[in-house]
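Letter by letter, the chains look like this.
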Amino acid sequence: MGLSLSLRKTFKGGVHPPENKNLTEHKPIEVLPPPPLVVIPVQQHIGAPSEPVVKVGDAVKIGDRLTEPTGFVSVPVHATVSGTVKAIEPRPHPLGTEVLSIVIEADGEDAWSDAIQDDPDYEKLSADEMRQRIRDAGLAGMGGAAFPTHVKLSPPPNKPIDTFILNGAECEPYLTADHRLMLEHADEIVRGMKLILQILQPKQAFIGIENNKMDAVEAMKKAVREQGIDAKVVALPVKYPQGAEKQLIKALTGREVPRGGLPMDVGCLVQNVGTARAIYHAVAKRRPLVERVVTVTGRGVKEQKNLLVRIGTPFSHALEYCGGVTEDAVKLIMGGPMMGIAQFNPEVPVIKGTSGILVLTEREARVREAGVCIRCGRCVEACPMGLMPTVLHSLVNHKRFDEAKEYGVLDCIECGSCAFVCPAKLPLVHSMKWGKMELSRRMKKAS
Amino acid sequence: MEERMWKVSASPHLSDKESISKIMWLVAASLAPAGIGAVYFFGAHAAWVIFWAVVAAVATEAAIQKLMGKPVTVSDGSAFVTGLLLAYNMPAESPFWLPIIGSVFAIGLGKQIFGGLGYNPMNPALLGRAFLLASWPTHMTIFRTAPHGGTISGIDVETGATPLNLLKLSQDVLRQAKINPAEMPAQKVAEATEHISKLYDAYGNLFWGKVGGCLGETSVFLLLLGAAFLLYKRYIDLRIPVAYIGTVALLTWMFGGTDGLFTGNPLFHVLAGGLILGAFFMATDMVTSPITPKGQWVFGIGCGIITVVIRLIGGYPEGVSYSILLMNLTVPLLDRWARPTIFGGAAKK
Chain A
294 MGLSLSLRKT FKGGVHPPEN KNLTEHKPIE VLPPPPLVVI PVQQHIGAPS EPVVKVGDAV
354 KIGDRLTEPT GFVSVPVHAT VSGTVKAIEP RPHPLGTEVL SIVIEADGED AWSDAIQDDP
414 DYEKLSADEM RQRIRDAGLA GMGGAAFPTH VKLSPPPNKP IDTFILNGAE CEPYLTADHR
474 LMLEHADEIV RGMKLILQIL QPKQAFIGIE NNKMDAVEAM KKAVREQGID AKVVALPVKY
534 PQGAEKQLIK ALTGREVPRG GLPMDVGCLV QNVGTARAIY HAVAKRRPLV ERVVTVTGRG
594 VKEQKNLLVR IGTPFSHALE YCGGVTEDAV KLIMGGPMMG IAQFNPEVPV IKGTSGILVL
654 TEREARVREA GVCIRCGRCV EACPMGLMPT VLHSLVNHKR FDEAKEYGVL DCIECGSCAF
714 VCPAKLPLVH SMKWGKMELS RRMKKAS
Chain B
567 MEERMWKVSA SPHLSDKESI SKIMWLVAAS LAPAGIGAVY FFGAHAAWVI FWAVVAAVAT
627 EAAIQKLMGK PVTVSDGSAF VTGLLLAYNM PAESPFWLPI IGSVFAIGLG KQIFGGLGYN
687 PMNPALLGRA FLLASWPTHM TIFRTAPHGG TISGIDVETG ATPLNLLKLS QDVLRQAKIN
747 PAEMPAQKVA EATEHISKLY DAYGNLFWGK VGGCLGETSV FLLLLGAAFL LYKRYIDLRI
807 PVAYIGTVAL LTWMFGGTDG LFTGNPLFHV LAGGLILGAF FMATDMVTSP ITPKGQWVFG
867 IGCGIITVVI RLIGGYPEGV SYSILLMNLT VPLLDRWARP TIFGGAAKK
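Protein chains in written order, with our numbering: chain A, 294 to 740; chain B, 567 to 915.
Hints were generated in silico from the structure; no laboratory data involved.
Fair warning: this is a prediction, and the values are worked out from it, not measured in the lab.
Fair warning: there could be bad hints in the mix.
Straight-line Cα separation of at most 30 angstroms, DSSO-like style, residue types lysine-lysine; simulated pairs [unchecked claim]:
| no. | chain 1 | residue 1 | chain 2 | residue 2 |
| --- | --- | --- | --- | --- |
| 1 | A | Lys-595 | B | Lys-573 |
| 2 | B | Lys-754 | B | Lys-734 |
| 3 | A | Lys-305 | B | Lys-799 |
| 4 | B | Lys-860 | A | Lys-729 |
| 5 | A | Lys-692 | B | Lys-860 |
| 6 | A | Lys-532 | B | Lys-588 |
| 7 | A | Lys-726 | A | Lys-305 |
| 8 | A | Lys-496 | A | Lys-452 |
| 9 | A | Lys-726 | B | Lys-588 |
| 10 | B | Lys-734 | A | Lys-726 |
| 11 | B | Lys-860 | A | Lys-532 |
The shape of chain A in the complex, shown without the other chains:
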């Protein structure tokens, strides 16, 4: 089991869910026509929500700033259609709750703001100026976590970054947004990477791509060569969750991010390919984040596609464009099947971190009743963080949260590998999330 690890660039543990990328990997990105109404939540990122600076009735153009960030770990949101602000009120959000959102009724003109202009001298900007443009553009990590990009690109001086990694792994089954982005816009992604390298000045740079996308590997190699970037494009063995930050760093550099720490603790910084392209748009064209590539897939949707979607577009609009959902569709998921969030309301909007809209049929989802743990140990073998999921599940369910902490529940990255292999179909990730939430609640209460 462990012998091949030192020879191949990979990490310990992990699983092999069926990829299902054949549904969309050969379909070029199509532009989804903007919907008649967009719903833009003021919080689509990790950190503090932003505050509205527009009023009901204001006329807006694409790219106009709608909110101001509050504090450093916060980013603004922008209008993604031209039209009138119809309402500013709590609206359903894909993370399950209702969040204050700015609702804009489109006027059909699709007019962009005048402030969005190309800057021919963008490469001469200082690192701080670039970071400011990135912040003004409202950029957050587009791999899914949506961490404010300008914050990520501002590591403290006592944590020097010597390695930058561009994440093109896209390890979630079904999703092909990043794959298509690399095939169709490798040059812009690499231009964005060039800016990141200018800001961070690392000693080495990698582009990590799973080897089920060799055409993307070639496209990125070509772009890197053409633009004269000093970066190694590495084709990694396919194993979920190779695209998880810590596992990607481990596979490419051999370094392990310490428990409770961040990649900068081992001198590394990771950004998604979509974010890199958005950085290029933000710095070179002053273009804010108003749209992103979303893979609409699963056998529960009639036609699977890769779409370029305006932020704030309701899921239903995208699904209708794809022919609607099938009779036997049972699950609607934001994101991929391993870590995505199941939705109960198809009117929720596409947000900055929405990499996929996944509609699963009964057969695909295989929803089954939980049995009893037979102590087979598969979850222990599968866990990429070296935890013992069945033990944590038991501890949390018996409300022994302190012991769960001691056994490492806070180290769980919620990748789902454990629950995927469990023959008893135990809701392991569900228990981990509960344990983490409860411990976080207790820590907040104590402080």
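Since chain A is already given, all that's left is putting chain B on it; use the hints.
Here is chain B on its own, set in the frame of chain A:
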């Protein structure tokens, strides 16, 4: 979009094709070659032993679950496997009531009393066997059915002993002869030496199954076929078998001879007795073995040490059942001590 009740649950939203019943029934299937072999070698009576053991196991589980008002889960195949393994640990000529009592004990007091599948601390089949061995020792240690195809020159069947038993008896004679040559008649020494030499020459018999012994343990070949299937399906990992068998081989080589250190015959010890059955099918039982890789190595080595101690120094010729049962009891400790290293936890904060 029309209204629809979407299913909502925590991630992940996919799972692989495995299930408890799939695993159990495939384990039963991997044991089938050895069972068929048992009927071939020992005759129809072996089939009846298997039949009664399985029926009693399944019936006991169903009855207890019904009485306790719990859902009846016999279709998951775990009681079936327990019955099968218990039968494989019994002589082919066992009277019908022996496997029945064994199964009732194994399922009732070895499994259901703890809460059913997943909760038992010890291997139920082995617990059943241990109970039968303690209560009806004669019935459980006489093997007079000659295997089809011949045995090791028939010496085992005549005495009703297994190859391991014979080895132990013969080696005891030789050891006694060394300590006190005057007391040991030369004829006995010659007989013992001849027996050992025949046993050590009988690898073919031991491998294919032409020896006396418990009905499921004799054919190493058929057992390995089943084990290969389980390994291919990744239902068992090589750690426990390798650790167990490796330890037995090493220790019997070092201490298993009568001419001093390193004069033992490890190959004989590996092929004889219930080691292959135990190492691949019983020590690897998921519920009663450790869940961490490190723990599994320790578990296998521990089983090996105890097996060899019993075989060489203890009163019984075979130690596999007891070694596994004893190591089963250490599993909660092993699960706590032999934890995997948490990612990023190697360096001290």
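Against the structure, the hints come out as follows:
no., hint, verdict
1, Lys-595(A) with Lys-573(B), "holds (19 angstroms)"
2, Lys-754(B) with Lys-734(B), "holds (14 angstroms)"
3, Lys-305(A) with Lys-799(B), "holds (20 angstroms)"
4, Lys-860(B) with Lys-729(A), "holds (27 angstroms)"
5, Lys-692(A) with Lys-860(B), "holds (27 angstroms)"
6, Lys-532(A) with Lys-588(B), "holds (24 angstroms)"
7, Lys-726(A) with Lys-305(A), "holds (22 angstroms)"
8, Lys-496(A) with Lys-452(A), "holds (14 angstroms)"
9, Lys-726(A) with Lys-588(B), "holds (29 angstroms)"
10, Lys-734(B) with Lys-726(A), "violated (57 angstroms)"
11, Lys-860(B) with Lys-532(A), "holds (23 angstroms)"
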